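Following the hints, put chains B, C and D with the ligands in place on chain A, whose structure we already have.
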Amino acid sequence: MEEARPDLGCRLKRLTLPNPVLAASGTAGYGTEELPGRAALSLGALVTKGISLEPRPGNPPPRIVETPCGMLNAIGLQNIGLEAFLGEHLPLLRESGIRIIVNVFGETEEEYARLASRLETQHGLLGLELNVSCPNVKKGGRAFGRDPDVLHLLVKRVRAETSMPLWVKLAPDGVEPLEAAQASWEAGCDGLTVANTYLGMAVDVEQRRPRISIGTGGLSGPAIRPLTLYRVWKVAAKAPVPVIACGGVACAKDALEYLIAGAGAVQVGSGIFGNPGLYMEVLEGIRSYMIKHRMSSLEQLVGSLEGMPRVSF
Amino acid sequence: MEEARPDLGCRLKRLTLPNPVLAASGTAGYGTEELPGRAALSLGALVTKGISLEPRPGNPPPRIVETPCGMLNAIGLQNIGLEAFLGEHLPLLRESGIRIIVNVFGETEEEYARLASRLETQHGLLGLELNVSCPNVKKGGRAFGRDPDVLHLLVKRVRAETSMPLWVKLAPDGVEPLEAAQASWEAGCDGLTVANTYLGMAVDVEQRRPRISIGTGGLSGPAIRPLTLYRVWKVAAKAPVPVIACGGVACAKDALEYLIAGAGAVQVGSGIFGNPGLYMEVLEGIRSYMIKHRMSSLEQLVGSLEGMPRVSF
Amino acid sequence: MSWSYHWGAMMKVRLARVELITEVQPGTFLLALAAQGISQEAKPGQFYMLKTAQEADPFLPRPFSWLRKGEEGSLGGNRVEILFQVVGKGTARLARMRPGDQLQALGPLGRGWQWDPAKTPLLVGGGVGAASLVSLVECIPPEKRSCVWALVGARLGKQLWCGQEMSRLGARVLLASQDGLEGFHGTVLELLRREESLLIGAETEVFACGPREMLKEVATWAASRGLPCQVSMETPMACGVGVCLGCAVKISGSGGYARACQEGPVFRSEEIDWD
Amino acid sequence: MSWSYHWGAMMKVRLARVELITEVQPGTFLLALAAQGISQEAKPGQFYMLKTAQEADPFLPRPFSWLRKGEEGSLGGNRVEILFQVVGKGTARLARMRPGDQLQALGPLGRGWQWDPAKTPLLVGGGVGAASLVSLVECIPPEKRSCVWALVGARLGKQLWCGQEMSRLGARVLLASQDGLEGFHGTVLELLRREESLLIGAETEVFACGPREMLKEVATWAASRGLPCQVSMETPMACGVGVCLGCAVKISGSGGYARACQEGPVFRSEEIDWD
Ligand SMILES: Cc1cc2nc3c(=O)[nH]c(=O)nc-3n(C[C@H](O)[C@H](O)[C@H](O)COP(=O)(O)OP(=O)(O)OC[C@H]3O[C@@H](n4cnc5c(N)ncnc54)[C@H](O)[C@@H]3O)c2cc1C
Ligand SMILES: Cc1cc2nc3c(=O)[nH]c(=O)nc-3n(C[C@H](O)[C@H](O)[C@H](O)COP(=O)(O)OP(=O)(O)OC[C@H]3O[C@@H](n4cnc5c(N)ncnc54)[C@H](O)[C@@H]3O)c2cc1C
Ligand SMILES: Cc1cc2nc3c(=O)[nH]c(=O)nc-3n(C[C@H](O)[C@H](O)[C@H](O)COP(=O)(O)O)c2cc1C
Ligand SMILES: Cc1cc2nc3c(=O)[nH]c(=O)nc-3n(C[C@H](O)[C@H](O)[C@H](O)COP(=O)(O)O)c2cc1C
Ligand code: FES
Ligand code: FES
Chain A
1 MEEARPDLGC RLKRLTLPNP VLAASGTAGY GTEELPGRAA LSLGALVTKG
51 ISLEPRPGNP PPRIVETPCG MLNAIGLQNI GLEAFLGEHL PLLRESGIRI
101 IVNVFGETEE EYARLASRLE TQHGLLGLEL NVSCPNVKKG GRAFGRDPDV
151 LHLLVKRVRA ETSMPLWVKL APDGVEPLEA AQASWEAGCD GLTVANTYLG
201 MAVDVEQRRP RISIGTGGLS GPAIRPLTLY RVWKVAAKAP VPVIACGGVA
251 CAKDALEYLI AGAGAVQVGS GIFGNPGLYM EVLEGIRSYM IKHRMSSLEQ
301 LVGSLEGMPR VSF
Chain B
1 MEEARPDLGC RLKRLTLPNP VLAASGTAGY GTEELPGRAA LSLGALVTKG
51 ISLEPRPGNP PPRIVETPCG MLNAIGLQNI GLEAFLGEHL PLLRESGIRI
101 IVNVFGETEE EYARLASRLE TQHGLLGLEL NVSCPNVKKG GRAFGRDPDV
151 LHLLVKRVRA ETSMPLWVKL APDGVEPLEA AQASWEAGCD GLTVANTYLG
201 MAVDVEQRRP RISIGTGGLS GPAIRPLTLY RVWKVAAKAP VPVIACGGVA
251 CAKDALEYLI AGAGAVQVGS GIFGNPGLYM EVLEGIRSYM IKHRMSSLEQ
301 LVGSLEGMPR VSF
Chain C
1 MSWSYHWGAM MKVRLARVEL ITEVQPGTFL LALAAQGISQ EAKPGQFYML
51 KTAQEADPFL PRPFSWLRKG EEGSLGGNRV EILFQVVGKG TARLARMRPG
101 DQLQALGPLG RGWQWDPAKT PLLVGGGVGA ASLVSLVECI PPEKRSCVWA
151 LVGARLGKQL WCGQEMSRLG ARVLLASQDG LEGFHGTVLE LLRREESLLI
201 GAETEVFACG PREMLKEVAT WAASRGLPCQ VSMETPMACG VGVCLGCAVK
251 ISGSGGYARA CQEGPVFRSE EIDWD
Chain D
1 MSWSYHWGAM MKVRLARVEL ITEVQPGTFL LALAAQGISQ EAKPGQFYML
51 KTAQEADPFL PRPFSWLRKG EEGSLGGNRV EILFQVVGKG TARLARMRPG
101 DQLQALGPLG RGWQWDPAKT PLLVGGGVGA ASLVSLVECI PPEKRSCVWA
151 LVGARLGKQL WCGQEMSRLG ARVLLASQDG LEGFHGTVLE LLRREESLLI
201 GAETEVFACG PREMLKEVAT WAASRGLPCQ VSMETPMACG VGVCLGCAVK
251 ISGSGGYARA CQEGPVFRSE EIDWD
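Residue numbers (my numbering), protein chains in the order written: chain A, 1 to 313; chain B, 1 to 313; chain C, 1 to 275; chain D, 1 to 275.
Check the hints yourself; a few may be wrong.
[Stated by the list, open to error] Here are the computed lysine-lysine pairs in the DSSO-like style, where the Cα-Cα straight-line distance is at most 27 Å:
no. : chain 1 : residue 1 : chain 2 : residue 2
1   : A       : K253      : A       : K13
2   : D       : K43       : D       : K119
3   : D       : K158      : D       : K216
4   : C       : K69       : C       : K119
5   : D       : K89       : A       : K292
6   : C       : K158      : C       : K216
7   : C       : K250      : C       : K216
8   : B       : K292      : C       : K158
9   : C       : K89       : B       : K292
10  : C       : K144      : C       : K43
11  : D       : K158      : A       : K292
12  : D       : K89       : A       : K253
13  : C       : K89       : D       : K89
14  : D       : K89       : D       : K158
15  : D       : K43       : D       : K216
16  : C       : K89       : B       : K253
17  : A       : K156      : A       : K238
18  : B       : K13       : B       : K156
19  : D       : K216      : D       : K119
20  : C       : K144      : C       : K119
21  : C       : K158      : C       : K69
[Stated by the list, open to error] Chain A residues, not near chain B, derived (Cβ > 10 Å throughout):
no. : residue
22  : R11
23  : D147
24  : P240
Worth flagging that the hints you see were computed from the coordinates, not collected in a lab. Note that this is a predicted model, so its numbers are computed, not measured. Every residue gets a Cβ at the ideal spot worked out from N, C-alpha and C, and that includes glycine.
Next up, chain A with everything else stripped away, as it sits in the complex (with noise of 0.2 Å):
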């Protein structure tokens, strides 16, 4: 029996999932959400719609266009608010069994750490993922993730708060993810969610205006994944903390590509839009090739790359 079905558990530090294919934040709702065809009991995990202490209306519409290979957006965070969500929405999760991490956003470094120590007492919980990298927010998000030493502190604030797995989810640009990166791993964070969206913007020529409402957006889809890659690839060649992937993943391939170059679970994000069977097809399409290459345990697979240069800081 040479064939035997592989071990597609995922061990990344101290949380382990029954497979590395895990739903990107803000593209699968609540987790509560009807879902078609995504089948999101067998994600290794479903991470959630960035959640803030205060509901959140977000921005006016228009929040999004397509753009080649990809899609611009500006939700702005519309959210329920914390307090919503634990009472509406974490019941329902906890009795349907999803694999859940919460995605979190503040605009002040009290509102992060609220948020965690409030959330460290639920159960059903698989951890927390900290958003400092959304685009399209005027205040907070973003303007943590850009300068390492401000979120270096925000790291380690949040830290004290919570012993929940935490993972900080950096932004593509605007900053070396690395040197974010090292902030982050260096402040005591579980793992490094790369990356966010990049900013981006389209015009409308007949109106000349900006087709998303507050002028510019987040670029995700199949355009941003060499972009994206890259940064994994260098992230985790020097990162002590384990790596999710996150950026264009469309077809299993993609996701292997991510794992090949160092990372130890992928997020699907926006392509599960223009195919809801995405989650599956990801999924089986790393085990298949596991079972072709005779790889018995995902660990032979993530980082097995070979051939590239150096990474320097």
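Just chains B, C and D with the ligands now, with coordinates in the frame of chain A:
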């Protein structure tokens, strides 16, 4: 006669071109190759392949790989060297009447300076574009572009050597474009080309090796357009010199987005590979748009975008 | 709410086969799709997200209301028709499909028209938006259709296919074209105002679909006449299933937003913040 | 060199109409394209860059050797045939084309086979690479074809369409398949070594096309037998016309690179740095 032919004449500080459609460096050779349907004479100008003092063999293959709505390249600045360019190509170019901007690249400040002073004495060249942003070479290039202080000194040095129109071609990543732009204009450049390719990579999952020989390459094509458009808008909002947009133009609408966002001219790069008629298509598309919107001169189009937030440094 | 619905919902994604594609008026195509159960549960005013399965660009699926379920009286539920107008690259790609090709179809989605049989519908459709009103007529029992008033307007007289179709289904149809080549010479709003004494009865309810500016004017008109009014809102969409929050529609009063794909696309007109 | 060639070269870009597309062996398609003058100047071993005109992805055109000009003896020059194997998304897209569809074709491009009528060609083709050798046979006058030896190998016996085609054109063909279901059971190289006494004459010149590893072995073999040898190199390409420098092929000795699209795709085997 409301539908008079609009004037596409393009004034870029000291340089006046018959229209704002340019061929980007490295995608149109030295200007002397057989360019199917490229109508090099109809271009506002053609920017040559990057030229160094000495010939360079370039990187081993594979040098290119297609990605979603784009491509990675790592040519490694293969070129015949300055003297061969001056001896073999420049006479033909002069005879042809093609308007030429020479893209130059050095490994040291000294090399850039020597390139500039040698080209200064040649007839038949419209200007210089300094490539300080090539991601595909080990020394020089991007090293200058990444540090605004180093860039400032470089541009100052080159400025002292030449009175020709001098553009600086900025990197879109690894540096805040506005800071690099400011460093350049304060050193006296006449224009800013925004931008070069974005550092990225791709993995061959069957071989578990990079798909580009040197590991990483520069991403071009429509995939990057939303990202470069954002940078063009941001730099153009502040810069006292013209911005020449470059990134992902694949149709006339794309070029219009750049002009409306503030670019004084637009370079067509890798889009020409899949559509040899693109130069003419873009040129005619801009003309039709101006007729439709009753614009008589390019100035009415450039920077006509409304509804954007203010740019802060 | 039970967790089995994750699996129930999976049934909404189908690879549908193009049965027929034909240009019914310049730039507007009728597309018939076949797939097991595709229209079984489709309610009028709901929509589908369509995408060519293998292509990376266009990246997002596109929302389209359904037009008809096909042969009247057929029990099937395995066929659905869409009427679409070519406006950009997604619809241009769709127009290049041929019978036998496959399309990924997610749906039916959203909250459609809420038709109370006690009410007399007054339908107001602008352009290809009228397609979503055709589905409403098709779902009204044939014997009741003669009470339905339908006003359909377009820029050109040759763009009134939907009006003819509603007429064929048995509704009382008035047409308007801005070129005056078919029906009333003017906009559908002008026609509405001109004929309102004829159109308004005690139980009239307005159902409107078309460009936002038109909807706003219809809503204002209906409010001033004390008529209930439903509107179908078009917004860009990414997911179609309520998770991306891309399809925000500003709701009056609250300062908040509703999702066109979930709480809509059909809203009561007074819910909308029109400014 | 004169500047008028910019305009002359423009003639090389054409919108071609798909005349015929048919799967001649599993996963391999014969594509016939029609456009004014498309093959008028095509020389054997040259290639075309093909792309669907309206689509943003795949971003780059794809290079394909031409196979035949169509009906033998036809004066036309308005028709060209390609043989392609589906290996990725570009070729998968191509395989979905239908008669009547349009494709952008740039070509003929590059430097093809240099055939000296005094020489006796020994053709060695692996897989779909043999297509480019078919064009060579077609360009040799019919009365001379019976001197041509052609060895064609493939993994499966059912993948030897090119061999059958060369045989139909009048060449002396030997087939090899790794599954042994057609011709010699083994690789084309094993066949070549086994039959070399039969194949080599005084004026023999080798023409090889196929995977790089095969070409390298053929080149080594030819060198050891003192035979001149030409090889057609496949590399990724972006522009096809010599401006992007993406198609670099390492040249022996110099430390430098040649462009497969311009100095190639056909090279003399000793020009290539095989390591
Ligand atoms: C619930 C719903 C039902 C719809 N039903 C139909 C229908 O039955 N028939 C039909 O032809 N169309 C319908 N539409 C509109 C249709 O979805 C768009 O025309 C289509 O997405 C355009 O895609 P494209 O790629 O061709 O154009 P794009 O290239 O995406 O855009 C072309 C132009 O159309 C505009 N546009 C894009 N999407 C929308 C949108 N959703 N609403 C308004 N303008 C848009 C763009 O701003 C641009 O100016 C519906 C939309 C929604 C939300
Ligand atoms: C001068 C020339 C002539 C050719 N003639 C023919 C022909 O007559 N018939 C034919 O079927 N093919 C021919 N090819 C190869 C053909 O161009 C590729 O198979 C095609 O580009 C693959 O495109 P794709 O999008 O389907 O695959 P992709 O998705 O681009 O790639 C699929 C796989 O093929 C590999 N690949 C991609 N391009 C090439 C390439 N140029 N060479 C080798 N491997 C590649 C990739 O690394 C990948 O593993 C020729 C190539 C050249 C350079
Ligand atoms: C509609 C939308 C909403 C998003 N919302 C969030 C969010 O709330 N928090 C967050 O950290 N990232 C958010 N993201 C970013 C994604 O999680 C992901 O990082 C990004 O889209 C890149 O991955 P992709 O290319 O696979 O989509 C959002 C992305 C999209 C498209
Ligand atoms: C094959 C290739 C070669 C290039 N060579 C150069 C070069 O020599 N010098 C330079 O400044 N930019 C070079 N570039 C960058 C382009 O000029 C341009 O900045 C970039 O491709 C983005 O534009 P695009 O998306 O329109 O291609 C090259 C790009 C490509 C694709
Ligand atoms: S389209 Fe995604 S929430 Fe409505
Ligand atoms: S493919 Fe561009 S130079 Fe050969």
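Assess, step by step, whether the Cα of K89 (chain C) is no farther than 27 Å from the Cα of K253 (chain B), and give holds or violated.
-> Holds. K89 (chain C) to K253 (chain B) sits at ~13 Å (cutoff 27 Å).
Take a quick look at whether K89 (chain D) and K158 (chain D) sit within 27 Å of each other, Cα to Cα.
-> The hint holds at about 23 Å.
For the pair we were handed, K250 (chain C) and K216 (chain C), check the Cα-Cα distance against 27 Å.
-> holds (13 Å)
Below or equal to 27 Å on CA atoms is what counts here, so check K253 (chain A) against K13 (chain A).
-> OK: K253 (chain A) and K13 (chain A) at ~25 Å, within 27 Å.
Distance restraint between K13 (chain B) and K156 (chain B), which requires alpha-carbon spacing of 27 Å or less = Holds - the C-alpha atoms of K156 (chain B) and K13 (chain B) are around 18 Å apart, at most 27 Å.
Status of the stated non-contact between P240 (chain A) and chain B (beta carbon gap over 10 Å) = holds (22 Å)
Assess, step by step, whether the Cα of K158 (chain D) is no farther than 27 Å from the Cα of K216 (chain D), and give holds or violated.
-> The given pair, whose Cα atoms are some 25 Å apart, holds under the 27 Å limit.
Is it the case that R11 (chain A) keeps its Cβ farther than 10 Å from each residue Cβ in chain B?
-> With a cut-off of 10 Å, R11 (chain A) remains clear of chain B, as the shortest Cβ separation is near 21 Å.
Between K292 (chain B) and K158 (chain C), is the straight-line Cα distance small enough, at 27 Å or below?
-> Holds, at about 25 Å.
Has the given pair, K156 (chain A) with K238 (chain A), been kept, meaning a C-alpha gap of at most 27 Å?
-> holds (20 Å)
Going straight from one Cα to the other, do K89 (chain C) and K89 (chain D) come out at no more than 27 Å?
-> holds (19 Å)
Within 27 Å, alpha carbon to alpha carbon, are K158 (chain D) and K292 (chain A)?
-> holds (25 Å)
In summary, the structure agrees with every hint in the numbered list given earlier.
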